[in-house]
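Build the full structure now, drawing on both the sequences and the hints.
Residue numbers (our numbering), protein chains in the order written: chain H, 49 to 329; chain U, 777 to 957.
If you are wondering where the hints come from, they were derived from the structure by calculation, not from laboratory data. Beta carbons are placed, not taken as given, at the ideal position from N, Cα and C, and that holds for glycine. Check each hint, because a few of them may be wrong.
Stated by the list, open to error - List of simulated lysine-lysine pairs, DSSO-like, C-alpha gap at most 27 Å:
#, chain 1, residue 1, chain 2, residue 2
1, H, K306, H, K242
2, H, K57, U, K946
3, H, K80, U, K845
4, U, K845, U, K902
5, H, K208, U, K902
6, H, K208, H, K80
7, U, K845, U, K861
8, U, K946, U, K902
9, U, K902, U, K861
10, H, K268, U, K902
11, U, K845, H, K208
12, H, K207, H, K242
13, H, K57, U, K845
14, U, K861, U, K946
15, U, K861, H, K207
Claimed, not checked - Derived Cβ-Cβ restraints for the label pairs, each shown as a range:
#, chain 1, residue 1, chain 2, residue 2, range
16, H, K207, U, R948, 38 to 44 Å
17, U, N934, H, T148, 36 to 42 Å
18, U, R921, H, K268, 38 to 44 Å
19, H, T148, U, I933, 32 to 38 Å
20, H, P240, U, Q937, 33 to 39 Å
21, H, A253, U, G833, 54 to 60 Å
22, H, S247, U, N934, 49 to 55 Å
Said to hold, decoys possible - Some residues of chain H that are not near chain U, with every Cβ distance over 10 Å (derived):
#, residue
23, R60
24, L62
25, A66
26, E173
27, G245
28, R246
29, S247
30, R275
31, V311
32, P313
33, A314
34, N319
35, Y324
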Amino acid sequence: MKPMNRIDKHVRQLHLRASDDLDRRVHGDIDKSLTDKPTITHPMMRRTIMTSSITKLAAAAAVTLAALLGLNLIDHPGGVAWAQIPSRIEAIDTFMFRLTIGVRRQAGAETASEQGGQWTFYLSERYGFRMDITGGGTTVSWYVPPEEDTLTMVIPAEKKWSRTPLPPEQRGKMPEEYKDPADYLKRFLARPQKELGRSVIDGVAVEGIEVTDPPTDGQKLENAVGRLWVDTATELPIRIEIEGAANDVAIRWLMEFKWSEAVDPALFQPNIPSDYTPLTP
Amino acid sequence: MVEDKFLILRFNRGDRRVLHRVYDKYKDDLVTLAAALLMDRTSAEDVVHDVFLSFLGAAGRFRLTGSLKGYLATCVTNRARNLNKAGRRRHSVALEDVPDAVCAEASPEQVAIFGEEFGRLSAALKQLPYEQREVLLLRSQGRMRFAAIAETQGVSINTVQGRYRYAVEKLRSLLENEAEE
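Laid out in structure tokens, this is it:
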């Protein structure tokens, strides 16, 4: 091993544990600041998601596909009855969508590494909301019940969990907000587009369109294309794919959807085994 | 880290509760970094405490971008550097008069900080010029890029890389000499 690597490794082995006294001081100060200023903004999870530069696209797409496709912005001669999609989706009270962001860095011509992350959202008027964030080998799950009175976070890899109250004035708005026709797909469909015709995704017959330069809120992509695929049988969205590049890095967004019957209500219940410990004192 | 992106997002929107999680996640790394910089555990914990106090006051008032751990490591480093300068001013005469050889052996205080196993390493670290020690620790402990360290220290990336090379070489030399003795 080179001396540089050996020393580097040696230094990395230095490790101290923060003392209990420091834990008390810092956590105490954080708690005190929350008590001192009760008017501090406590953003709801849904607001976090809806405004995140990364997830806004996915969240907006999930709730606006139907409404915006229903505007007949595209004159599609295929078998999909685009105009009926909004009412179909509005009748569904439970769905899941998963956003996977893949990043491929070209290291010369020989190797490539991939990194990114995955967000899985479960949304239900009846059961509440759940989000799984996966990246770096760890998954963190966030849960908000239909009452929207608490936010529960569970980190299985660390056997940790936490539950914090949510302010009353922001409760009860989740279903409406998720059905709010955000403008993402309108902008998506306003781009130059072409029909992709019919295809099959995971054994499901689909029909799709492709747009150039799709909106990618918060992330600037060059030479980007976006593809929207709809199940021809149910006439519900199945997938959105966006591919582009930023600073010579290839980036791919994949959004996958599942509707009502494919989503287990048990998924909305936090699983906190007895050996898990609270995340905060 | 994906989780960090969401913690930053919530923090930027004024949610200070996320600092519980941020602290729990990085407290050990930050205390280790501060202690290795200052060679004093009590001061190190005070530095980390100060960083989080400032963090609390800043919630919702500035936007945090980039690496959360890198940001915290930079905050700790800046405070440790100020503390170190203040300490040097107070003890400049005494420290300047102390020859390097005297420091080669781990003091009980240094052994106490990182344990017997790392007493030699921490004693050797203490002999490095502060700027070199800072670069080495930010690179190895903080996993920061040279460019980010250069920004933190307000010098060129070449200077930072030079400091890193000198630090490694001197540390290697000190540790090997001690092993031979």
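The hints, checked one at a time:
For the suggested pair H/K306 and H/K242, the alpha carbons sit about 25 Å apart, so the restraint of at most 27 Å is met. With a CA separation close to 15 Å, the supplied pair H/K57 and U/K946 stays within the 27 Å bound. Taking the CA atoms of H/K80 and U/K845, the gap is about 24 Å. The hint holds against a cut of 27 Å. With a CA separation close to 24 Å, the supplied pair U/K845 and U/K902 stays within the 27 Å bound.
A C-alpha spacing of about 37 Å is found between H/K208 and U/K902, which places the hinted pair above 27 Å, so the restraint is violated. With a C-alpha separation of about 23 Å, the suggested pairing of H/K208 with H/K80 holds against the 27 Å cut-off. For the hint pairing U/K845 with U/K861, the CA-to-CA distance comes to about 24 Å; that is within 27 Å, so the pair holds. Of the supplied pair hints, the one linking U/K946 and U/K902 holds, its CA atoms being roughly 11 Å apart against a limit of 27 Å.
Between U/K902 and U/K861, the direct Cα distance comes to roughly 15 Å. Compliance with the 27 Å bound is thereby established for this hinted pair. Of the supplied pair hints, the one linking H/K268 and U/K902 is violated, its CA atoms being roughly 45 Å apart against a limit of 27 Å. Between U/K845 and H/K208 the CA atoms are separated by roughly 20 Å; this keeps the pair inside 27 Å, and the hint holds. Simply put, H/K207 and H/K242 have alpha-carbon atoms about 49 Å apart, too far for the 27 Å limit, and the pair is violated.
Restraint check for H/K57 and U/K845: the C-alpha separation of about 19 Å stays at or below 27 Å, so the hint holds. Under the criterion of a C-alpha separation no larger than 27 Å, the hint pairing U/K861 with U/K946 is consistent with the structure, at around 22 Å. For a cut-off of 27 Å, the pair hint linking U/K861 to H/K207 is broken: about 41 Å separates their Cα positions. Checking the proposed 38 to 44 Å range against H/K207 and U/R948 shows it holds: the Cβ atoms sit about 39 Å from each other.
In this structure the supplied range 36 to 42 Å holds for U/N934 paired with H/T148, their Cβ-Cβ distance being about 39 Å. In this structure the supplied range 38 to 44 Å is violated for U/R921 paired with H/K268, their Cβ-Cβ distance being about 22 Å. Between H/T148 and U/I933 the C-beta distance comes to about 34 Å, which sits within the given range of 32 to 38 Å. A C-beta distance of roughly 47 Å is found between H/P240 and U/Q937, which places it outside the suggested range of 33 to 39 Å.
Separated by about 57 Å at the C-beta atoms, H/A253 and U/G833 satisfy the suggested range of 54 to 60 Å. Between H/S247 and U/N934 the C-beta distance comes to about 53 Å, which sits within the given range of 49 to 55 Å. Distance to chain U contradicts H/R60 as a non-interface residue, since its nearest Cβ pair spans about 5 Å, not more than 10 Å. For H/L62, the shortest C-beta to C-beta distance to chain U comes to about 6 Å, within the 10 Å cut-off, and the non-interface label is violated.
With a minimum CB-CB distance of about 4 Å to chain U, H/A66 fails to clear the 10 Å threshold, and the non-interface call is violated. Against chain U, the non-interface label of H/E173 holds: every CB pair exceeds 10 Å, the least being about 24 Å. Every Cβ of chain U is farther than 10 Å from the Cβ of H/G245; the closest lies at roughly 35 Å, confirming the non-interface assignment. The beta carbon of H/R246 is kept farther than 10 Å from every beta carbon of chain U, the shortest such distance being approximately 35 Å.
Residue-level check passed: H/S247 sits 31 Å from the nearest beta carbon of chain U, beyond 10 Å. Every Cβ of chain U is farther than 10 Å from the Cβ of H/R275; the closest lies at roughly 24 Å, confirming the non-interface assignment. In this structure H/V311 is separated from chain U by more than 10 Å, as the shortest Cβ-Cβ distance comes to about 22 Å. Every CB of chain U lies more than 10 Å from the CB of H/P313, the least distance being 25 Å, so the non-interface label holds.
The beta carbon of H/A314 sits about 24 Å from the closest Cβ of chain U, which is more than 10 Å, so the claim that it is off the interface holds. No beta-carbon of chain U comes within 10 Å of the beta-carbon of H/N319; the shortest separation is about 18 Å. Against chain U, the non-interface label of H/Y324 holds: every CB pair exceeds 10 Å, the least being about 14 Å.
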